[in-house]
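Novice: Residue-level listing of the chains:
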Amino acid sequence: MQWQSWSAFWEMGGAAAYVWGSYGLTFALIALELVLVLRRRKDTVRRLLRWRRAVGKDKGRRFEPAMEPEQ
Amino acid sequence: MKSTDRGPSLLRFAAPQNFYPLAGWLAPWFAAVAALLTVAGLWVGFFVAPTDATQGEVYRVIFIHVPAAWMSMFIYLVMAFWAAVGLVMNTRLSFVMSQALAPTGAMFCVVALWTGALWGKPTWGAYWVWDARLTSQALLLFLYLGFIALTRAIEDPRRADRAGAIIALVGAVNVPVIYFSVKWWNTLHQGASVSLTKAPSMATTMLVGMLVMAVASWAYTVAIALWRVRPMILERERHTEWVGAVLEREAQQQGGRA
Chain A
906 MQWQSWSAFW
916 EMGGAAAYVW
926 GSYGLTFALI
936 ALELVLVLRR
946 RKDTVRRLLR
956 WRRAVGKDKG
966 RRFEPAMEPE
976 Q
Chain B
41 MKSTDRGPSL
51 LRFAAPQNFY
61 PLAGWLAPWF
71 AAVAALLTVA
81 GLWVGFFVAP
91 TDATQGEVYR
101 VIFIHVPAAW
111 MSMFIYLVMA
121 FWAAVGLVMN
131 TRLSFVMSQA
141 LAPTGAMFCV
151 VALWTGALWG
161 KPTWGAYWVW
171 DARLTSQALL
181 LFLYLGFIAL
191 TRAIEDPRRA
201 DRAGAIIALV
211 GAVNVPVIYF
221 SVKWWNTLHQ
231 GASVSLTKAP
241 SMATTMLVGM
251 LVMAVASWAY
261 TVAIALWRVR
271 PMILERERHT
281 EWVGAVLERE
291 AQQQGGRA
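Just so you know, the sequences run in chain order A and B.
Counting in my numbering, the first sequence runs without a single skipped number right up to 976 at its last residue.
Counting in my numbering, the second sequence runs without a single skipped number right up to 298 at its last residue.
Warning: the hint list may mix true and false statements.
In silico EDC-like links for lysine to aspartate or glutamate, alpha-carbon gap of 20 Å or less [unchecked claim]: (1) K161(B) - D171(B); (2) K161(B) - E938(A); (3) K161(B) - D92(B); (4) K947(A) - E275(B); (5) K223(B) - E275(B); (6) K947(A) - D171(B); (7) K947(A) - E290(B).
Which stretches of chain A does chain B cover? Using the computed rule of at least three CB atoms under 8 Å from a CB of chain B, they are [unchecked claim]: (8) 909–918; (9) 921–931; (10) 934–947; (11) 951–961.
I should point out that these hints are in silico values taken from the structure, not numbers from a laboratory.
Heads up, the beta-carbon is just placed ideally off N, CA and C, and yes, glycines get one too.
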C-alpha cells in the first residue's frame, strides 16, 4: 500500500489538481460518449420508424427491396 | 460433409444483417472486460505502483495518458485500414465502421493532449510547447475532426464514404510521425518508455498498470464502436426488410411509442 491515509491519497503528494484533473476529464468524456451513443440509438429507431410509416414501407407487410440506385 | 451453400463463416458478417446482431451481442462483453480491467488497472496504478523517484505522485497520470495516446494513434490506423478495405473491396460496412471509430479516436486524442498538458505543467513548467510530439498529436486531433466534419457534411453517403476514406488514408502518414517524433527530433517529450526491442525503463508494477489500462481502452473502444455502428447500419439499410423487422422489435421493447 502506497498511502498513509485516505487524505494523503486524495492529496497525491501535492499534485491533486493535475492527477484528478486528468482522471476527471477522461471519465467525464467516457460517460458523455456512452450517453450520446445510447441516445443516438433510441433517436434513430424512433426516426426510422416514423420515416418507414411516412413512406408506407410497413403497410400490408409489403416491403420494397433495397433501393438507393448506383450512381 | 461440408456445406457449400454458405460462404466462409467469417465473411458472412460482412453482410449488415448478420453483423448487426453480432455487434449487439459482442458489445456488452467488451464493455464488461473494459470495466473490469479499468478497475484492476486503476488499483495497480494507485495502490500497487510505487511513488516515482524523480516525479513523485504526478506521474500517475501515465496510466491514462499513455493508453489514450496509443489508442488515438491505433484507432486512426484501424480507421485507415477500414477505409482502404472499403475502397478496394467496395464493402459499405467498412466505411461505416471507420466512421463509427472516429469520435472515440478523437476523444482519446483529446484525453492524451489534456493529460499531457496537466502532466507537462508540473514537470516541464508549461502546459504546452510546440515540440514535434505534441504538434503532431495536435495534428492528429485536427485530422479526426476533419474526417468527422467531412463525412457528416456530405449528403450523399457514397461520396461521404469516399471523401472520408481519402482523409483517413492520407492522414495515416501522420501516425508514424507521432510515434517516432521523439526519436527523429530533439523533443522535450521523453522517449518511449516501452518498446518492442528494449527492456522497459520503468518499474514492473507501473508497466503492468499501464498495460492493463491499455487493454481496457482497447476493449472500451471495441464496445463503443460496435454500439455506435449499429444505428448507423439501420440508417443505411433503412429500405430493407430486415431493418423493418428490427425496428418493429425495438419499438415494442420501448413501449410501442414511435
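Novice: Could you tell me which of the hints above the structure violates, numbers in ascending order?
Specialist: 2, 5 and 6
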